[in-house]
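K.L.:
If you read the sequences in order, they're chains A and W.
If you're matching positions, the first sequence starts at 43 in the numbering used here and goes up one per residue.
If you're matching positions, the second sequence starts at 43 in the numbering used here and goes up one per residue.
What the hints contain is simulated information worked out from the structure, not anything from laboratory work.
Accuracy of the hints is not assured; some may be wrong.
Note that the list lumps identical chains together, so a pair holds whenever it fits in one copy or between two copies.
[To be verified] For lysine-lysine, the following BS3-like pairs were computed, each having C-alpha atoms within a straight-line distance of at most 25 Å:
(1) Lys45 with Lys270
(2) Lys161 with Lys372
(3) Lys370 with Lys161
(4) Lys430 with Lys360
(5) Lys264 with Lys161
(6) Lys161 with Lys46
(7) Lys46 with Lys360
(8) Lys246 with Lys300
(9) Lys45 with Lys161
(10) Lys330 with Lys379
(11) Lys270 with Lys370
(12) Lys357 with Lys300
(13) Lys372 with Lys45
(14) Lys45 with Lys430
(15) Lys422 with Lys372
2 protein chains.
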Amino acid sequence: MLKKLGQDDPRRIVHSLKVALALTLVSMLFYFEPLYEGLGLAAMWAILTVVVVFEFSVGATIGRGLNRMMSTVVAAALGIGAHRLATLTGNQGEPILIALFVFVEAGIVTFFRFIPQMKTRYDYGLLIFNVTFCLVSVSGYRDKVVIQMGFERVCTITIGGCIAVAVCVFIRPVWIGVELHNRISTNMEKLANFLEEFGDEYFKVSENEQTREKSSFIEGYKSVLTSKGSENTMANLARWEPGHGNFRFRHPWEQYLKVGTLPRQCAFKIEALNNYLTSETQTPQEVKSIIQGPSVVISSECGKALKELATSVKKMTKSSSNEPHIAKSKDAAEELKAVIRSSLCKHPADSLHIIQEGAVASLLLEIITCIEKIADAAHKLASQAHFKDVKPTVKPDQENSVNDGPHHVITIEG
Amino acid sequence: MLKKLGQDDPRRIVHSLKVALALTLVSMLFYFEPLYEGLGLAAMWAILTVVVVFEFSVGATIGRGLNRMMSTVVAAALGIGAHRLATLTGNQGEPILIALFVFVEAGIVTFFRFIPQMKTRYDYGLLIFNVTFCLVSVSGYRDKVVIQMGFERVCTITIGGCIAVAVCVFIRPVWIGVELHNRISTNMEKLANFLEEFGDEYFKVSENEQTREKSSFIEGYKSVLTSKGSENTMANLARWEPGHGNFRFRHPWEQYLKVGTLPRQCAFKIEALNNYLTSETQTPQEVKSIIQGPSVVISSECGKALKELATSVKKMTKSSSNEPHIAKSKDAAEELKAVIRSSLCKHPADSLHIIQEGAVASLLLEIITCIEKIADAAHKLASQAHFKDVKPTVKPDQENSVNDGPHHVITIEG
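Can you make the complete structure from the sequences, with help from the hints?
P.N.:
Listed below in structure tokens is the structure:
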């Protein structure tokens, strides 16, 4: 099982080795006399920092590292101030006053962690603020060199944080922004896979065995239904990342979330379609065949449009290659409406079956609207994120369908 | 805004005060001579432990506390062993061997964190294992009293962990199990609110202003669509909690997740219904009115059945008071099917409108199936979690509708 974990995502092995390397590096603070002399046992804070700061992605590591370093600096300064203030009152009052400071500070900072804006970005910093303020002000009661202690803590945490961030960024970095980017485009692909298969699956004369085999592939969209939380987290972490590759520092992550929401709404409709695919009460083939023609076209053209959109997002190109597919599916939609008007409702079959086919048809019509919205959002993203303008050299039309390969979208990776 | 945060959930203020109290308690280790003599500056680990272990809910606090304590014990023992082994090789080899140990240990433990079963329950423990092993084995190179250091660390972390857990459990505890329990029942209620309102909203002659006001209430179900992740987290944390109130130690949290999944599937269908509610292309009233009668009954009876289910889950009672509502909605379903067969498809209106009404009708039919599944799962939960058997003293039937108040479900809270 461990082997499979590593094979599924070799970056896991790399990450484990990176953590091991960073820890070995930071433990050098103990081995080399000149390094150790300056810090002493406080060097253990550096070890602690490396372990708790080092995360899988660059964004998470930098976020935690900065949170830890900044809040340590501020809290250590305040802690020293609190200690000084308390010593003014003399030996009797000192512990009482410090206890009071700690109580008030901990109460306020803990409550701050409930503020949603703080929670998403500075939760860890507030936690460390609590730790440092308390440590510095309280241990000052015993160890009178409180300024030195605060300074040591800031130093060692900075050293540990920098080692963790450096190893994370410079050795095979995992950018959470790229992960989010790919996730958004993969989500679209998963929907596209369903739509491309749906027509054939739904209208084919049932051969039970084949259906079962395909279902795991076709149901890939299910993960999109509940992916909102993890996408939000990724966008929050991606904000910490510096510019890298085609991603600038202030990349429009908000717009990614918007582009991510629309496929989810589309996935709700696909979930409804999938119900009809797996439903036990199947409509007779003769009723299905009424709407078959335009429905198959809509489903597969919508799938193709989504695939094009997914590709252009993935490759960071401005591309309008989805438009002909959307146009075709809209034509088919008119045809489908005409078929419903002229034949479906006048068919002598059981009305319940007719209604079911009508429901499938109307879901397909809604999906077209969804795809159009996704296309709009993706275009907006393309302009906000400065995707590269690509003039397709070959018009991806039926006239040139021989050349309709993937090469009409030129990547900017080269 | 801070005031609103506190008013929305006063437990946040209580939690902040609890953290402040625990920190003040643990800082006593520094103030009192007899306590301080035994531990010295190592007492700061206790402070650190209180801050990082103290979470909002009992489950999370106990989970982190146990993870931290157990992994510290094991890692400290191993760290001491590694140090001993390394010293055998003499001064030259010692740092090299320790560095090797740290590298191997950190690599393996970090990789273990990717195993899904470990990640859900022992992620924090593995992190702390890394910290402690590294600290103990490495600082042993400088400070030869490495056994004492390991022992101190175990002691102080245990003290800190116990203070955090004790304050969390004994002062106004927030049980995550109860939260999950209430969440599941609230989710059902949210769906029920929609269903109870849907009939009136959809079929009423449109008065735009009123629609807008109600929409925020009626759309409460939307949070159910994406709540899967947080429910899973809650169930994982709830497993750490000891028995409390009506919740035993091995409460069937898995079954809660199953009962939580079904309302989500129902919510997908409700999302589709809501589309028809807000859609711009409204069917003419005359077409709507064909299916109005049975549709309104289905929708409101399904809503009532869900409310009964939600109440019996919330109050932990076995109740069959939802059954008459499901029965009524099934009767109405037969009626609806008959109406579709006899009138809807023969109506001279635009076929697209007829199909839309058909879609609404078939969604309502599917929702009945959903509610039945929810009822089954809730009954299974009731028997697994030993909900109390309640014989309704008043039959919640139409014959006794005067007495149809909430008092026929007897709570076991008293």
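K.L.:
Next step is simple, just say for each hint if it's right about the structure.
P.N.:
Tested hints:
Within a single copy, Lys45 and Lys270 get their C-alpha atoms no closer than 30 Å, and across copies no closer than 29 Å, so neither meets the 25 Å cut-off. Taking identical chains as interchangeable, the C-alpha atoms of Lys161 and Lys372 are never at most 25 Å apart, the minima being 45 Å within one chain and 47 Å between chains. Taking identical chains as interchangeable, the C-alpha atoms of Lys370 and Lys161 are never at most 25 Å apart, the minima being 46 Å within one chain and 47 Å between chains. Within a single copy, Lys430 and Lys360 get their C-alpha atoms as close as 6 Å, which meets the 25 Å cut-off; across copies the closest is 62 Å, which misses it.
Taking the closest pair of Cα atoms, Lys264 and Lys161 come within 25 Å of each other only across two copies (23 Å); inside a single copy the shortest separation is 29 Å, beyond that limit. With identical chains, the CA atoms of Lys161 and Lys46 are at most 25 Å apart between copies only, with a shortest distance of 16 Å across copies and 35 Å within one. Taking the shortest Cα distances, Lys46 and Lys360 never come within 25 Å of each other, neither inside one copy (37 Å) nor across copies (44 Å). Taking the shortest alpha-carbon separations for Lys246 and Lys300, neither the intra-copy value of 36 Å nor the inter-copy value of 33 Å comes in at or below 25 Å.
Proximity of Lys45 and Lys161 under a CA criterion of 25 Å is satisfied inter-copy only: 17 Å between copies versus 36 Å inside one chain copy. For the identical chains of this complex, Lys330 and Lys379 are neighbours both inside a copy (15 Å) and across copies (19 Å), given an alpha-carbon limit of 25 Å. Taking the closest pair of Cα atoms, Lys270 and Lys370 never come within 25 Å of each other, the shortest separation being 31 Å inside a single copy and 37 Å across copies. In this assembly of identical chains, the alpha carbons of Lys357 and Lys300 lie at most 25 Å apart only when taken from the same copy (19 Å versus 39 Å across copies).
In this assembly of identical chains, the alpha carbons of Lys372 and Lys45 never lie at most 25 Å apart, being 48 Å within a copy and 52 Å across copies at closest. Proximity of Lys45 to Lys430 under the C-alpha cut-off of 25 Å is found in neither arrangement, the shortest distances being 40 Å within a copy and 47 Å between copies. Proximity of Lys422 and Lys372 under a CA criterion of 25 Å is satisfied intra-copy only: 22 Å inside one chain copy versus 47 Å between copies.
Hints 1, 2, 3, 7, 8, 11, 13, 14 from the earlier list are contradicted by this structure; the remaining hints agree with it.
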